[in-house]
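Keeping their order, the protein sequence lines are chains G and C.
Numbering of the first sequence is given in the numbering used here, commencing with residue 3 and proceeding in unit increments.
Numbering of the second sequence is given in the numbering used here, commencing with residue 12 and proceeding in unit increments.
If you're looking for bench data, these hints aren't it; they were derived computationally from the structure.
Worth double-checking, as some hints may not be accurate.
Some chain C residues flagged as far from chain G (calculated, every beta-carbon gap over 12 Å) [as the list claims (entries may be wrong)]:
| no. | residue |
| --- | --- |
| 1 | Asn-15 |
| 2 | Ser-61 |
| 3 | Leu-166 |
| 4 | Leu-199 |
| 5 | Gly-220 |
| 6 | Phe-284 |
| 7 | Ala-294 |
| 8 | Ala-318 |
30 Å max Cα-Cα, derived DSSO-like pairs, lysine-lysine [to be verified]:
| no. | chain 1 | residue 1 | chain 2 | residue 2 |
| --- | --- | --- | --- | --- |
| 9 | G | Lys-113 | C | Lys-97 |
| 10 | G | Lys-113 | G | Lys-59 |
| 11 | G | Lys-137 | G | Lys-148 |
| 12 | G | Lys-148 | G | Lys-235 |
| 13 | G | Lys-235 | C | Lys-370 |
| 14 | G | Lys-100 | G | Lys-113 |
| 15 | C | Lys-370 | C | Lys-293 |
| 16 | C | Lys-395 | G | Lys-137 |
| 17 | G | Lys-113 | G | Lys-125 |
| 18 | C | Lys-390 | G | Lys-113 |
| 19 | G | Lys-151 | G | Lys-59 |
| 20 | G | Lys-113 | C | Lys-370 |
| 21 | G | Lys-151 | G | Lys-137 |
| 22 | G | Lys-235 | G | Lys-113 |
| 23 | C | Lys-370 | C | Lys-395 |
| 24 | C | Lys-395 | C | Lys-293 |
| 25 | G | Lys-148 | G | Lys-125 |
| 26 | C | Lys-370 | C | Lys-390 |
| 27 | C | Lys-390 | C | Lys-293 |
| 28 | C | Lys-293 | G | Lys-151 |
| 29 | G | Lys-59 | G | Lys-137 |
| 30 | G | Lys-148 | G | Lys-113 |
| 31 | G | Lys-137 | G | Lys-113 |
| 32 | G | Lys-137 | C | Lys-390 |
| 33 | C | Lys-390 | G | Lys-148 |
| 34 | C | Lys-13 | G | Lys-113 |
| 35 | C | Lys-390 | G | Lys-151 |
| 36 | G | Lys-100 | G | Lys-59 |
| 37 | G | Lys-137 | G | Lys-125 |
| 38 | G | Lys-137 | G | Lys-100 |
Just so we're clear, the structure is a prediction, and the values are computed from it rather than from any experiment.
For glycine and all other residues, C-beta sits at the position ideal for the given N, C-alpha and C.
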Amino acid sequence: MKTSAAAAVALALDPQRLFAQSDPALPRVVVVHGTDLPAMLAAGIERLGGWDAFVQKDRRVTLKVNAGWASTPEQGANTHPVLVEACVRACLDAGAAKVAIPENPCSPAAKSFEMSGIGAAAKRAGARLYEPADKDFQTVEIPNAKILKNVDLVRDILETDCLINMPVAKTHRGATLTASLKNWMGSVRDRGFWHRAGLHQCIADFNGRIRAHLIVVDATRIMTTNGPRGPGKLEYPNRLVFGHDPVAVDAYVATLFAMEPFSVPYIKIAHDMGVGCGDLAKVDIQHLRI
Amino acid sequence: MKRNWIRALAFLVAAILAVQFLPWRAASLFFPSLSPILNLLGAMAAHTASGWLLLGLPVLIIGYFRSRWFCRYLCPVGFAAEAIGKLNGNGHRRFARWPPIGQWLLPILAGGALAGYPLFIWLDPLALFNGFFSTWRMPLAWTSFALAAGLPAVLAIGWLAPQAWCQRICPLGALQDLLAAVRRRATLRPAPGVAKPSQIIFGRRAFLGAAAGGAAALALRRVLPRQPLAVRPPGAQPEDKFTGMCARCGACIRACPYGILRPDFGASGLAGFLTPVVDYAKAHCFEYCHECTRVCPTGAIERVALAAKRDRAMGLAEVDPHQCIAWRDGQYCLVCHEYCPYLAIDTVDNRGVLCPVVKPDMCRGCGACQVNCPARPVKAIVVKGTPPREIRPLDDAAGFG
Numbered sequence: 003m004k005t006s007a008a009a010a011v012a013l014a015l016d017p018q019r020l021f022a023q024s025d026p027a028l029p030r031v032v033v034v035h036g037t038d039l040p041a042m043l044a045a046g047i048e049r050l051g052g053w054d055a056f057v058q059k060d061r062r063v064t065l066k067v068n069a070g071w072a073s074t075p076e077q078g079a080n081t082h083p084v085l086v087e088a089c090v091r092a093c094l095d096a097g098a099a100k101v102a103i104p105e106n107p108c109s110p111a112a113k114s115f116e117m118s119g120i121g122a123a124a125k126r127a128g129a130r131l132y133e134p135a136d137k138d139f140q141t142v143e144i145p146n147a148k149i150l151k152n153v154d155l156v157r158d159i160l161e162t163d164c165l166i167n168m169p170v171a172k173t174h175r176g177a178t179l180t181a182s183l184k185n186w187m188g189s190v191r192d193r194g195f196w197h198r199a200g201l202h203q204c205i206a207d208f209n210g211r212i213r214a215h216l217i218v219v220d221a222t223r224i225m226t227t228n229g230p231r232g233p234g235k236l237e238y239p240n241r242l243v244f245g246h247d248p249v250a251v252d253a254y255v256a257t258l259f260a261m262e263p264f265s266v267p268y269i270k271i272a273h274d275m276g277v278g279c280g281d282l283a284k285v286d287i288q289h290l291r292i
Numbered sequence: 012m013k014r015n016w017i018r019a020l021a022f023l024v025a026a027i028l029a030v031q032f033l034p035w036r037a038a039s040l041f042f043p044s045l046s047p048i049l050n051l052l053g054a055m056a057a058h059t060a061s062g063w064l065l066l067g068l069p070v071l072i073i074g075y076f077r078s079r080w081f082c083r084y085l086c087p088v089g090f091a092a093e094a095i096g097k098l099n100g101n102g103h104r105r106f107a108r109w110p111p112i113g114q115w116l117l118p119i120l121a122g123g124a125l126a127g128y129p130l131f132i133w134l135d136p137l138a139l140f141n142g143f144f145s146t147w148r149m150p151l152a153w154t155s156f157a158l159a160a161g162l163p164a165v166l167a168i169g170w171l172a173p174q175a176w177c178q179r180i181c182p183l184g185a186l187q188d189l190l191a192a193v194r195r196r197a198t199l200r201p202a203p204g205v206a207k208p209s210q211i212i213f214g215r216r217a218f219l220g221a222a223a224g225g226a227a228a229l230a231l232r233r234v235l236p237r238q239p240l241a242v243r244p245p246g247a248q249p250e251d252k253f254t255g256m257c258a259r260c261g262a263c264i265r266a267c268p269y270g271i272l273r274p275d276f277g278a279s280g281l282a283g284f285l286t287p288v289v290d291y292a293k294a295h296c297f298e299y300c301h302e303c304t305r306v307c308p309t310g311a312i313e314r315v316a317l318a319a320k321r322d323r324a325m326g327l328a329e330v331d332p333h334q335c336i337a338w339r340d341g342q343y344c345l346v347c348h349e350y351c352p353y354l355a356i357d358t359v360d361n362r363g364v365l366c367p368v369v370k371p372d373m374c375r376g377c378g379a380c381q382v383n384c385p386a387r388p389v390k391a392i393v394v395k396g397t398p399p400r401e402i403r404p405l406d407d408a409a410g411f412g
């Protein structure tokens, strides 16, 4: 695992890629290296055009984090609370009217929000973190889906002016990997159907319908065993991964785990369905250091 | 008059504590712990001791010097029974003809406690009182009314035959009578060679009663483990003690913030009637909660700390490959692995799809897998009761470093 992870790091830090010229025709993934999360967030956003490109004055922002587990930030099962807080503050500073953070967690909500630190982070920064109740879901048709023809989805994900997907990168015994494409499972009412009907196809179907304006993957520490819940072994790539194309972002994240992107079935399916580009040779990967 | 005010106040305080409205959940232990039957006999049966035992002493000590002091000032059941008896002018007054059931119960209780199975501990008035509040703050089911039936039954006796409960049936009252008799015997000094009446009552009869109670308890303890084992709250005594030590007061069921405890109605046999069993229909036994272990007045559920609770087995999960969507349908699932807080689900490759296998040395039987299993209509992973067994601590198996 260690040598393959080192190989992945070498690949990611390949100087040719590091200084590659940006090709506007290719989907872009911006990888920010560092340990100062607010500064890393600011740098990545600046590269993507600044907050003004995403947040309009007096408009709504919805942030989909991973706060699914009663687990501490050090254990790497949830998005880092410092990142969440910085992002909420930046959105509000950019003029957002309100920031909603809906999360349908796996562990009991109160303890997940408390232990993940995201409850306190949201409160300090002024966002509304909540566990959706029945009334907060709305049924959405997905005409192009192969399996997931309709889904009960949190209304704040649907009715918002800026949708930000902010998952944490982890291994996942059932789904191989979890990052941006799979993170939406915390916004739907019935996850069980996805498992019964075909998990990977459902993930791809969903992402064909719902697309975030901005993706920020927390890969500061990644859980490489016993995911998604842990406790498991951790590695520390110390990165945030930014992008618009969830397939390209997840394909890059897979390399952090020394996985071939198309070995993750939902990345392959989403790529084949045209949800995004999982072929990293056709992705413009830009690296920044803080 | 002043005495009735004190009693009414005691009733009110006991009720507030029993309902567990206060944020300090362990406060609900205060009133039932005053009963030496629940507190001391429970500890005797469990072979445990804690600071709460001290609360059982005042009733014994004061009872020795002041006859039935607890009954006259504090007992909420006695207060209610007497109040309702006064309402009925035509009550049957000749309770004195009733047999002294409470006196018979005492040696049976004591012998049973020595054998680890205190028979009839649920007849303690404070347990009956506590059980009455089971319909509050509990997942409402008709069985919760069964748990609440004790106090109304006492009140019915109080209506029909005022004072009969307190004077003839209540084991806690009988215990105080015993103490008063012991004091009389100690202070009276009749001529040598003359048998003293109290000696006859509390000597041979008590010995025979205790022996009978102990023998019955031992016999029951041998028979009971053959019942199908139920999934019990964390910290519960082994099944052969649990059904005897549980006072059916419902405190644990009320304390559970996730509503997974139910009074049993058949799953654990006749001996387990109305004892708490775990129901994983809606939620699992959360790994950061040990509320039920903080309220048990008899120690049927031990007061285990949170860390200790996490290393106690309540049961064992079993995968049914004929229902499992990974094993049967070849679907990517492993929701059980995902939700398991204790790393107790191993995976094996079956034709390219990872499928779940339970690790018995890690599984606590918390039910997280069962609650979240997406298989329909039948869950593919279900927790079953097991005899007590050793499990590995979580840190041991996390695989760090």
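Status of the hints after comparison with the structure:
1. Every C-beta of chain G lies more than 12 Å from that of Asn-15(C), the closest at about 43 Å, which supports listing it as non-interface.
2. The claim that Ser-61(C) lies off the interface holds: its Cβ sits roughly 27 Å from the closest Cβ of chain G, which is beyond the 12 Å cut-off.
3. Look at Leu-166(C): its CB is around 39 Å from the nearest CB on chain G, clear of 12 Å, so calling it non-interface holds up.
4. No beta-carbon of chain G is positioned within 12 Å of the beta-carbon of Leu-199(C); the least distance is around 62 Å.
5. Annotated as non-interface, Gly-220(C) keeps its C-beta farther than 12 Å from every C-beta of chain G; the closest such distance is 48 Å.
6. A cut-off of 12 Å between C-beta atoms confirms that Phe-284(C) is not in contact with chain G; the least separation is 31 Å.
7. Ala-294(C), annotated as away from the interface, has a beta carbon of chain G within 12 Å; the closest lies near 8 Å.
8. Its beta-carbon lying about 15 Å from the closest one in chain G, Ala-318(C) satisfies the requirement of being farther than 12 Å from that chain.
9. Pair hint Lys-113(G) plus Lys-97(C) does not hold up; C-alpha atoms about 51 Å apart against a cutoff of 30 Å.
10. Pair hint Lys-113(G) plus Lys-59(G) does not hold up; C-alpha atoms about 34 Å apart against a cutoff of 30 Å.
11. As the CA atoms of Lys-137(G) and Lys-148(G) are separated by approximately 27 Å, the hinted pair is consistent with the 30 Å bound.
12. The hinted pair formed by Lys-148(G) and Lys-235(G) fails the criterion: a straight-line CA distance of about 36 Å is larger than 30 Å.
13. Our distance criterion of 30 Å between C-alpha atoms is met by Lys-235(G) and Lys-370(C), whose separation comes to about 19 Å.
14. Annotation: proposed proximity of Lys-100(G) to Lys-113(G) holds, straight-line Cα distance about 24 Å (limit 30 Å).
15. Simply put, Lys-370(C) and Lys-293(C) have alpha-carbon atoms about 24 Å apart, close enough for the 30 Å limit, and the pair holds.
16. For the hint pairing Lys-395(C) with Lys-137(G), the CA-to-CA distance comes to about 35 Å; that exceeds 30 Å, so the pair is violated.
17. Restraint check: the Cα-Cα separation between Lys-113(G) and Lys-125(G) comes to about 15 Å, which is no more than 30 Å; the hinted pair holds.
18. A C-alpha spacing of about 26 Å is found between Lys-390(C) and Lys-113(G), which places the hinted pair at or below 30 Å, so the restraint holds.
19. For the proposed pair Lys-151(G) and Lys-59(G), the alpha carbon gap of about 35 Å is over 30 Å, so the pair is violated.
20. Among the hinted pairs, Lys-113(G) with Lys-370(C) is consistent with the structure: their alpha-carbon atoms are about 26 Å apart, no more than 30 Å.
21. Distance hint between Lys-151(G) and Lys-137(G) is fulfilled; the C-alpha atoms sit about 21 Å from each other, no more than 30 Å.
22. Straight-line distance between C-alpha atoms of Lys-235(G) and Lys-113(G) comes to about 23 Å, which keeps the hinted pair within the 30 Å bound.
23. The hinted pair formed by Lys-370(C) and Lys-395(C) meets the criterion: a straight-line CA distance of about 14 Å does not exceed 30 Å.
24. A distance of roughly 16 Å separates the Cα atoms of Lys-395(C) and Lys-293(C); the hinted pair therefore holds under the 30 Å criterion.
25. For the suggested pair Lys-148(G) and Lys-125(G), the alpha carbons sit about 40 Å apart, so the restraint of at most 30 Å is broken.
26. Between Lys-370(C) and Lys-390(C) the alpha-carbon distance is near 18 Å, which keeps this suggested pair within the 30 Å criterion.
27. Of the pairs offered as hints, the one joining Lys-390(C) and Lys-293(C) holds, with about 12 Å between alpha carbons and a cut-off of 30 Å not exceeded.
28. Distance check on the hinted pair: Lys-293(C) and Lys-151(G) sit about 27 Å apart at the alpha-carbon level, within 30 Å; holds.
29. Annotation: proposed proximity of Lys-59(G) to Lys-137(G) holds, straight-line Cα distance about 28 Å (limit 30 Å).
30. About 36 Å separates the Cα atoms of Lys-148(G) and Lys-113(G), which puts this hinted pair outside 30 Å; it is violated.
31. A distance of roughly 22 Å separates the Cα atoms of Lys-137(G) and Lys-113(G); the hinted pair therefore holds under the 30 Å criterion.
32. Our distance criterion of 30 Å between C-alpha atoms is met by Lys-137(G) and Lys-390(C), whose separation comes to about 27 Å.
33. Pair hint Lys-390(C) plus Lys-148(G) holds up; C-alpha atoms about 26 Å apart against a cutoff of 30 Å.
34. Using a Cα cut-off of 30 Å, the hinted pair Lys-13(C) and Lys-113(G) is violated, with the two alpha carbons roughly 48 Å apart.
35. Between Lys-390(C) and Lys-151(G) the CA atoms are separated by roughly 25 Å; this keeps the pair inside 30 Å, and the hint holds.
36. For the proposed pair Lys-100(G) and Lys-59(G), the alpha carbon gap of about 10 Å is at most 30 Å, so the pair holds.
37. Between the alpha carbons of Lys-137(G) and Lys-125(G) the distance comes to roughly 23 Å, so the proposed pair stays at or under 30 Å and holds.
38. For the hint linking Lys-137(G) to Lys-100(G), the alpha-carbon distance of about 20 Å falls within 30 Å, and the restraint holds.
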